[in-house]
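Trainee: Protein chains in written order, with the numbering used here: chain Y, 3 to 162; chain P, 17 to 175.
In short, the hints are calculated from the structure, not lab data.
Be a bit skeptical, because a hint or two may be false.
Label pairs and their calculated CB-CB ranges [what the hints assert, rightly or not]: (1) Arg-57/P <-> Glu-84/Y: 41 to 51 Å; (2) Arg-48/Y <-> Glu-66/P: 35 to 45 Å; (3) Gln-145/P <-> Leu-105/Y: 42 to 52 Å; (4) Val-88/P <-> Ala-53/Y: 23 to 33 Å; (5) Arg-58/P <-> Ser-28/Y: 38 to 48 Å; (6) Glu-94/Y <-> Glu-142/P: 23 to 33 Å; (7) Gln-145/P <-> Ala-42/Y: 30 to 40 Å; (8) Glu-84/Y <-> Trp-24/P: 42 to 52 Å; (9) Ser-37/P <-> Ala-53/Y: 15 to 25 Å; (10) Glu-60/P <-> Ile-141/Y: 20 to 30 Å; (11) Ile-96/P <-> Ser-28/Y: 17 to 27 Å.
In silico BS3-like cross-links for lysine-lysine, where the CA-CA straight-line distance does not exceed 30 Å [claimed, not checked]: (12) Lys-75/P <-> Lys-127/Y; (13) Lys-49/Y <-> Lys-139/P; (14) Lys-103/Y <-> Lys-75/P; (15) Lys-139/P <-> Lys-127/Y.
All residues carry an ideal CB built from backbone N, CA and C; glycine is no exception.
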Amino acid sequence: VNTLNSNLDSTDWKILAELQEDGRLSYTELGRRVGLSSPAAQERVRKLEDAGIITGYRATVDYERLGLPIRASIRLDGNCREVDRMLEGLREMPNVIDVYKVLGDDCFRLLVAVASPEQLHSLLKSLSIYGETSTTVIIKAPIENRPITPETLSLMKEQR
Amino acid sequence: MPLDTTDWKILTELQHDARLSFAELGRRVGLSSPAVQERVRRLEDAGVIEGYHVKVNAKKVGLPIMSWTRLVDLQGKYNIEQVAEIAKTTPEILSCYHLIGQDEYLLHIVATSVEHLELILKKFTEYCQSISSIVIKASVNNRPIEPEITQFTYEEEES
Numbered sequence: 003v004n005t006l007n008s009n010l011d012s013t014d015w016k017i018l019a020e021l022q023e024d025g026r027l028s029y030t031e032l033g034r035r036v037g038l039s040s041p042a043a044q045e046r047v048r049k050l051e052d053a054g055i056i057t058g059y060r061a062t063v064d065y066e067r068l069g070l071p072i073r074a075s076i077r078l079d080g081n082c083r084e085v086d087r088m089l090e091g092l093r094e095m096p097n098v099i100d101v102y103k104v105l106g107d108d109c110f111r112l113l114v115a116v117a118s119p120e121q122l123h124s125l126l127k128s129l130s131i132y133g134e135t136s137t138t139v140i141i142k143a144p145i146e147n148r149p150i151t152p153e154t155l156s157l158m159k160e161q162r
Numbered sequence: 017m018p019l020d021t022t023d024w025k026i027l028t029e030l031q032h033d034a035r036l037s038f039a040e041l042g043r044r045v046g047l048s049s050p051a052v053q054e055r056v057r058r059l060e061d062a063g064v065i066e067g068y069h070v071k072v073n074a075k076k077v078g079l080p081i082m083s084w085t086r087l088v089d090l091q092g093k094y095n096i097e098q099v100a101e102i103a104k105t106t107p108e109i110l111s112c113y114h115l116i117g118q119d120e121y122l123l124h125i126v127a128t129s130v131e132h133l134e135l136i137l138k139k140f141t142e143y144c145q146s147i148s149s150i151v152i153k154a155s156v157n158n159r160p161i162e163p164e165i166t167q168f169t170y171e172e173e174e175s
């Protein structure tokens, strides 16, 4: 059993599970589901926010319906000493949805959403000032943003 | 569904804070609480809003290792369905993307340790080679979609 999460009890995990499923649940409904009063549930959520465990609440949108039918994964292999300048540039590019700084030869792993092949092309040209790009288009996402639960930490018993 | 500027304002607000009350959301976009509630319901029904989710800091709940892993077929043993099935039953795999081209799958994985990551990747060794990049930091994460995004043009630098 992993001990790093020992500060979270089973009620905290239940709250996280419910809010990962529906981030707009009222405190009354959340409390009912996890067995707490509404003020007690609110207090727990506040503690999780203060501890930085909950970092925000997001509406997730359908990229295609918003006019962004093409999504791609890009490896950006640049001069890793210019990370700050690169990050500044990447933050100015609205189609760049995710930027992960990674260890190794590729400096960054990007996920982008674009309206057309032409827009992807112009984005890639713009990225090329930072380094080599390697791009693959996403056909589909069989899994995306799966919730984190105690199971995520359970070290796969069947494997050992 | 055609979106007007009020729809876009609602989407922007809810992408930044999904827990806004309808009263506060209405105030920000210039609608009454019932009117904004009706707008949100329409955006949900049209599938524009897919859901609302809390963002959890994986590091703080005991998952300090994050990796982007490519699964590459080397020996023609790759079975797309099998690999997707394994990914679906592996809770540490938060996202799995099926890609066009040389890389077949891209996995977003969280783990308690490097050893744990190794155990996860062992599930796939029978089918393909895995290439992992350990994440140092997520610098931009799930950037909100803004209305001008489909029209945005990038300046081309002379090479």
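Trainee: With reference to the structure, classify each hint as holding or not holding.
Mentor: Okay, the hints, checked on the actual structure:
no.: 1; hint: Arg-57/P <-> Glu-84/Y: 41 to 51 Å; verdict: holds (47 Å)
no.: 2; hint: Arg-48/Y <-> Glu-66/P: 35 to 45 Å; verdict: violated (27 Å)
no.: 3; hint: Gln-145/P <-> Leu-105/Y: 42 to 52 Å; verdict: violated (18 Å)
no.: 4; hint: Val-88/P <-> Ala-53/Y: 23 to 33 Å; verdict: violated (39 Å)
no.: 5; hint: Arg-58/P <-> Ser-28/Y: 38 to 48 Å; verdict: violated (21 Å)
no.: 6; hint: Glu-94/Y <-> Glu-142/P: 23 to 33 Å; verdict: violated (44 Å)
no.: 7; hint: Gln-145/P <-> Ala-42/Y: 30 to 40 Å; verdict: violated (50 Å)
no.: 8; hint: Glu-84/Y <-> Trp-24/P: 42 to 52 Å; verdict: violated (34 Å)
no.: 9; hint: Ser-37/P <-> Ala-53/Y: 15 to 25 Å; verdict: holds (24 Å)
no.: 10; hint: Glu-60/P <-> Ile-141/Y: 20 to 30 Å; verdict: holds (26 Å)
no.: 11; hint: Ile-96/P <-> Ser-28/Y: 17 to 27 Å; verdict: violated (42 Å)
no.: 12; hint: Lys-75/P <-> Lys-127/Y; verdict: violated (34 Å)
no.: 13; hint: Lys-49/Y <-> Lys-139/P; verdict: violated (37 Å)
no.: 14; hint: Lys-103/Y <-> Lys-75/P; verdict: holds (15 Å)
no.: 15; hint: Lys-139/P <-> Lys-127/Y; verdict: violated (38 Å)
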